[in-house]
Amino acid sequence: MITLRVNGEEHQLDVDPSMPLLWAIREKLKLTGTKFGCGIAQCGACTVHLNGQPIRSCVTPVSAVMGGDVTTIEGISSSDGLHSVQQAWIDEQVAQCGYCQSGQIMSAVALLRQTPNPSDEDIDQAMSGNICRCGMYGRIRSAIKNVGQGVVQTYDPQETAHG
Amino acid sequence: MGKWTRRAVISTGVIAGGGLVVGVALRPGHRAPDIAHLVTSDDEQLINAWVKIGGDNHITAIVAHSEMGQGAQTALTQMLADELDARWQDMSFIEAPAEDEYANWALGKGFVIGGVDIPQSLVPTVDGLFMQVTSAMHLQITGGSASVRATGVYGMRIAGAAARELLIKAAAAQWEVPESELTAKHSQIIHSGSGRQADFSEFAAAAAQFKPSRTPRLKSVEDFEIMGRSVARHDIPSKVDGTAVFGIDADVPDMMYAAIQGAPVFGAQALEFNANGADQSTGVLQIVNLGEAVAVVADGYWNASQALKMIDITWSKTGSEGLDSEKLFAQFERDLQAAKQSGDATDDVSSGDVEAAFERADKVVEANYRVPFLAHACMEPMNATARVDNNKCEVWAGSQNPLGFKYEIADALEMDASQVTFHQHTMGGGFGRRGTSDVAVQAARIAKVAGVPVKLIWSREEDIRHDVYRPAVASQFRAALSDQGDVLAWENMFHEKHEPDEAPNIPYDITSKSIQHIESLTHVPFGPWRSVDHSQHGFFTESFFDEVAQAVDKDPYELRRALLSDKPRHLAVLDRAAKEAGWGEKLAAGRGRGISLQQSFGSIVAQVVDVSVNQGSVKVDRVVCVIDLGFAVSPDGVRAQMESGIIYGLSAALYGDINIVDGAVKQSNFHDYQVVRMREAPVIETHIINSGAAWGGAGEPGTPGIAPALANAVYQATGTRVRQLPLSNYDFSYQFVEEEEVS
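If you read the protein sequences in the order shown, they are chains Y and F.
Mind the numbering: the first sequence is residues 80 to 242 in my numbering, read in order.
Mind the numbering: the second sequence is residues 1037 to 1779 in my numbering, read in order.
Some hints here could point you the wrong way.
As the list claims (entries may be wrong) - Simulated DEER-style distance windows between Cβ atoms: (1) SER221(Y) x SER1653(F): 18 to 28 Å; (2) GLY1728(F) x GLY147(Y): 52 to 62 Å; (3) ASN1404(F) x PRO140(Y): 49 to 59 Å.
Unchecked claim - Lysine to any residue pairs mimicking SDA-like chemistry, simulated, CA-CA at most 20 Å apart: (4) LYS109(Y) x PRO1289(F); (5) LYS107(Y) x ARG84(Y); (6) LYS109(Y) x ASP1290(F); (7) LYS107(Y) x VAL1488(F); (8) LYS224(Y) x ARG1713(F); (9) LYS1655(F) x SER207(Y); (10) LYS1702(F) x ASP1360(F); (11) LYS1655(F) x VAL1719(F); (12) LYS1655(F) x PHE1768(F); (13) LYS109(Y) x ASP1335(F); (14) LYS1655(F) x ASP201(Y); (15) LYS107(Y) x LEU1321(F); (16) LYS107(Y) x VAL1281(F); (17) LYS1345(F) x ASP95(Y); (18) LYS224(Y) x GLU1716(F); (19) LYS1655(F) x GLY208(Y); (20) LYS1702(F) x ILE119(Y); (21) LYS107(Y) x MET1291(F); (22) LYS1428(F) x SER1454(F); (23) LYS1622(F) x SER1648(F); (24) LYS1376(F) x GLU1395(F); (25) LYS1603(F) x TYR1544(F); (26) LYS1655(F) x ASP203(Y); (27) LYS107(Y) x ASP1335(F); (28) LYS107(Y) x ASP1287(F); (29) LYS1345(F) x VAL138(Y); (30) LYS109(Y) x MET1291(F); (31) LYS1549(F) x GLU1538(F); (32) LYS1484(F) x MET1291(F); (33) LYS109(Y) x SER1274(F); (34) LYS107(Y) x PRO1289(F).
Source of the hints: derived by calculation from the structure; they are not laboratory data.
Ideal Cβ placement from N, Cα and C applies to all residues, glycine included.
For reference, chain F alone in the conformation it holds in the complex (with noise of 0.2 Å):
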């Protein structure tokens, strides 16, 4: 069995493969102990970074996303598998180790950075460029729906088409017959004039001793075997019968449990506590205060927390005490009044004449929108594992970032990233909320002062009042309309941008158009809320649209139709939504019909939202969704995506609202941050569209459309135009009682 060293592993796999195409070549030497442990028996051989072919001619496929629900996972080895030309029944993943090699570029190039795909033409010639500027930007982030349009695409693809490549010159060199007589299938490689076949795995050896390809050949859609087929997910069995280890079942031998309490107002200090007995209550270990936060270790989290609740903590004042949601909003548009009066706005689009078309316009309709803050509110509440001894920690925990974490812990410890090494876990759901470290450095931190291995366990109550919030977000805008129902113009303006750059803007063909925006900023912390800005702009601008509309008395889908004539996928999309929702049909009193279109993360979803109102409750029936993300890899994981996107974005349309009432969180618990359950999921209906365009993303789209097309049709059943989230806030029985005065 050779052995190789990091030297080797570095200049054969990410120097001369960027990551991308060529891996890690097996070198008489030394291991490389970051990822000697994924070769696991002496006749394995890890011929690129991505694959390795195992003596039983096992492949298994290292992915580097991680796995919060999505089932990017599995998606990911088909494209590895298909490009490969191996057999799926051969096929095994696992997740890359946050280590630098599997940094992926891709996406912090695509979504960090904002919103750009990466030209084609820079795939063949990155030879290493990619590798090396990701490894500088120590992201390993699984988010912005880019496993598969980013890693799929611009990694798996590649790495299993040139792992083919390898394996046919290796055997070509091995038979004497010239690769051009060889094919690959079903992972064995097949000799055409002979008929001679043998497993990949007999030439996985030689293979690894050739150069790879830097420019594999890829197949074509005709050609996909495993590519488009719905596979059993390779992570379903161990979660339905409770042997999945998430972050949270993480158990280091002799660890301690902490429960934490951070500071209700964002940014406060513990400045003292009164222990009231907490440190001589049953199993405790320690009180260690963190600054932000104050936890207690104990001997089992029960005992951890009950101490918790006995400790009097005395916070510093940051100024913020005083803030509430409503004078944040206050302040926010005030802010965008202000920012009107002196121009003093970022442009995000600025198209034709605005201001001209606002004074010859015959019609002017206005009209301002909210959204409150969000919580994620994941099944599995935040936490981790650390052990810090002897200069070295080890954390254990679900992430979005891995290699981001390792990096942040190494920060706050004051140590080397080589350090730490950061043990993943599967994630009871992310949503954007496991992409920011926090916990698991709290859990470092505790760890390093209590001496032993710490499991660090949020309440649900810590989780909802110390996230990283979806922003709230006023949004404001005309348009101006002429008699003969042009849209003339469009304007727009609202406060607080991340990404993606492109959110707030519209498909539709208006010759003038002005997007703006302002910062107004909060004392609240923000982060990536699935969907990010686009969570909120769907909602916006897909209302407004539809308040145009009536105001020039047209069909919402008709106008949407109109104004998208330039747009075939945008019109596909939107048709086979109203045609499979039955759009036009005429609906009984109380009932109402929505539609929405948004572009989002390469993929373009319609969502066609039946709603009935009923004694004063609004109960959302049916949605219709049809998706065109160019080309689904796994459609059932495609329909999967859809349907999770949209109760989640439902759950925050009917009920998510979190309240700032004394500079902190009011909600704290499923009780008053209540989610979707059951009894008021809809049906949904999943059209998935393969146009052939470049590959979408398929995690999030889902998410924006489903607010305004609620909101569309809430207006058509009760003639109530819905400007604030949620809808919960709304009294519809006034609608009710009027609908049974009429009928």
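If we strip away everything but chain Y, and leave its shape as in the complex, we get (with noise of 0.2 Å):
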């Protein structure tokens, strides 16, 4: 038996120790916001947080994170609403196939708790493992300096095409 403690709920799980963190939380868990983008480390699209850290779930045994905390992409809004990395991606309107976006995210979330106002340095640094392929890099970036510089804007629904 493993045991998993994933957005604050202990789960036990009947698996193989070697499958990876990824499987467990989607089919076991039925969390499916983590996605399967690649399967070796070079996407970035299942991404989560381990004890606050960003990992990719696709190479990380299950049990190698027993006795951790594990935060998905379902586990960082609060009652209170959405994460303000998840309104500035909505305010940038990020997202176009958005499959992702939950990977994004979670290395931005990550990002900015550690370099609360980074700079386009940081970014590159901190994003260049998650792979958009609707290349949405340039609102990703401004969504996160958003966040950082406390300008989480909220998206004008007027505004008008100019020739």
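Assembling the complex is the task here: the two chains are given apart, and the hints tell you how they should meet.
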């Protein structure tokens, strides 16, 4: 039996100890916000936090996280509402297909926790492990900076086209 | 609550309305099972196939396009809402089910058959023809950047306007006033004389009894209230909190999981396999030999994928085992030479006397270009979940062609399409890949054999190695030039032609042109890749054009201008891009600036790229992008699509390279099929021109122009002319050393 603590809840799972955390989260706990992208820690879609640090759950065996606190995308918002990073993502209209965004947001939350007002270089460093095939890097960068600088803007639905 | 029959749906919605204008009227009787679930409560009236109005005055657009990130569902809803005079806050949308009633003829005609716009005169006279044709073709495709310009313009706007007119008719009858005294505004009908007003929902049921006009009056641009505004996309909140349900997240009771290994060499079959104990491995239910692939069904994906690795499969020989990319390119170039000798090629464009122009030319410039095979590499690996029992099949997946999938699954299982239900899901990227039904068909076949619901997930390796690839293409050019710097003739021959038909053409005013193609087949499966043939021809033609400019010693921007004097839209886009980018400024050593212009999918796009070459590596610093797509329904959505198309094209230009080795794909995952990441992503500035021309697409037109603008910038920075992609195969360290010595 493997004991996992995910988003503050303990679970006893009868799984192969070498099974990556990703599959335990997705298939056993049915927390499907964390995504499979590559299986070899190249794309970041599976990013979750272990004790607050971002890890790639697709290559992390469940046995390696026993006793630790795992946080997934489902665990970062509170009853008060969205995490500021999530709100910033909406404000900047970051997501297109959205598949990579759970991982992007988990990496951004970890970055901002460590470096509350990150520079471009900090963002390059922390976010280059997360691939976005829709290419929304500029918006991700803006959203992170908005959180860092305390300007999580509200989206203006009245904006019109300019020729 | 009235109930209605399928026949009623067809007779009033499909036949009478052609699925474009008139919808599905409520009738006493039986509910049509295929559409009934769209009506979720008893006070809702489905007043046409594209819109329903609830008792609470909540209005739902039914959108016949899939969401793969492009935001089309929101833009289409804007189009309907504006013509309906609905209040934006009252609107939501759902995706139409994979049923014939929602097939999109406009796209079928414009994209699959080939690059034509529908004549405006046809729109009011269709009367059922559209839908009948589309149903026969089983198409419900999202692609060709067609959502807004086809379904939106020919469907959603007309549907919204027709619905508004029906509501006004119903209100006039109920209030006993002339229709001319009524207007619609903010989801209400207002009587000008009395000031009386009431919600749309009050008239929804009565409106369904009227015969809709086949030619509803559409708004002019000045009257738009919702179109042209950047509204927040409806799908984004669920994509930031992990609740969006992609195909890979489908959850079916008692579901098992499958991992799969396809034939390394395309076309090979699994003759036999040695399980090596895989069938006894933890959690394994069954090993299924599909012929072109072998799958393991287990209680979880991990167990399935671990067991799969244990199996030794013996594949049949196809004769392609000795092929590699170099041999294929040699074949293309041999076939092109042979065609030049024999004259046996198909004309795409033929004007003037090309031969005579070359005879009198003072100078001839020629160059041969190549692009490699490309995979799509959608973030969400290919997957589908299927259940087959009692002569019924259900499939859960994301598809760019849900209706086509339904028919193809039915064919594979030897069922009637009516026995197949396709549950469409939002897609973690499509880019053309999710228009091919191979994975969904595999899932259905595995589920049938296994006798349990199965979620088939392709590994990333399987995704990279069993794609339907952007073809590898060779293209050869010659241009005839005069001493005065005139471009007398443009000659181009290439192999492999798909859609759109006009992709290899150029907009420049050159009297004598010969553009031809030949066939040179390979065993590598091909499919549409974002912007389809434009993805290669944009690079070829706009790079070679710069070579021509260099040969006649002209600025590439100025030469383009000179040859576009009869094309004001192209000129305006080009000029705006040059101005915004600061074209003509002197650049520091090691820096370069390149320009490109490309018309595709009804839109015109110019891009200016700034690069810096440092210690042999090329960095893209900035991209200025200008698009004229006629009218931007959602300006922020258009900007997002330009950013996305540019990064997608940039990944291909810098790194994209699928090599064939021993008949199979060499690359396997993001470590050897690299894509642009945060640290390499340039600043992108997008400017939109609303010229008022016929509305164009946005999903694809951002992609073709980035590679040539980049290559042209690299030439300026390094003196190296990039004629083969990707750029990562070039070594620029020599140029750097040279510059150091100069400075």
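So, going through the hints one by one against the coordinates:
| no. | hint | in the structure |
| --- | --- | --- |
| 1 | SER221(Y) x SER1653(F): 18 to 28 Å | holds (26 Å) |
| 2 | GLY1728(F) x GLY147(Y): 52 to 62 Å | holds (60 Å) |
| 3 | ASN1404(F) x PRO140(Y): 49 to 59 Å | holds (51 Å) |
| 4 | LYS109(Y) x PRO1289(F) | holds (12 Å) |
| 5 | LYS107(Y) x ARG84(Y) | holds (13 Å) |
| 6 | LYS109(Y) x ASP1290(F) | holds (14 Å) |
| 7 | LYS107(Y) x VAL1488(F) | holds (18 Å) |
| 8 | LYS224(Y) x ARG1713(F) | holds (18 Å) |
| 9 | LYS1655(F) x SER207(Y) | holds (15 Å) |
| 10 | LYS1702(F) x ASP1360(F) | holds (10 Å) |
| 11 | LYS1655(F) x VAL1719(F) | holds (11 Å) |
| 12 | LYS1655(F) x PHE1768(F) | holds (12 Å) |
| 13 | LYS109(Y) x ASP1335(F) | holds (14 Å) |
| 14 | LYS1655(F) x ASP201(Y) | holds (18 Å) |
| 15 | LYS107(Y) x LEU1321(F) | holds (18 Å) |
| 16 | LYS107(Y) x VAL1281(F) | holds (17 Å) |
| 17 | LYS1345(F) x ASP95(Y) | holds (16 Å) |
| 18 | LYS224(Y) x GLU1716(F) | holds (18 Å) |
| 19 | LYS1655(F) x GLY208(Y) | holds (18 Å) |
| 20 | LYS1702(F) x ILE119(Y) | holds (17 Å) |
| 21 | LYS107(Y) x MET1291(F) | holds (12 Å) |
| 22 | LYS1428(F) x SER1454(F) | holds (9 Å) |
| 23 | LYS1622(F) x SER1648(F) | holds (14 Å) |
| 24 | LYS1376(F) x GLU1395(F) | holds (17 Å) |
| 25 | LYS1603(F) x TYR1544(F) | holds (9 Å) |
| 26 | LYS1655(F) x ASP203(Y) | holds (14 Å) |
| 27 | LYS107(Y) x ASP1335(F) | holds (10 Å) |
| 28 | LYS107(Y) x ASP1287(F) | holds (12 Å) |
| 29 | LYS1345(F) x VAL138(Y) | holds (17 Å) |
| 30 | LYS109(Y) x MET1291(F) | holds (13 Å) |
| 31 | LYS1549(F) x GLU1538(F) | holds (14 Å) |
| 32 | LYS1484(F) x MET1291(F) | holds (13 Å) |
| 33 | LYS109(Y) x SER1274(F) | holds (16 Å) |
| 34 | LYS107(Y) x PRO1289(F) | holds (13 Å) |
In the structure shown, no violation is registered for any of the earlier numbered hints.
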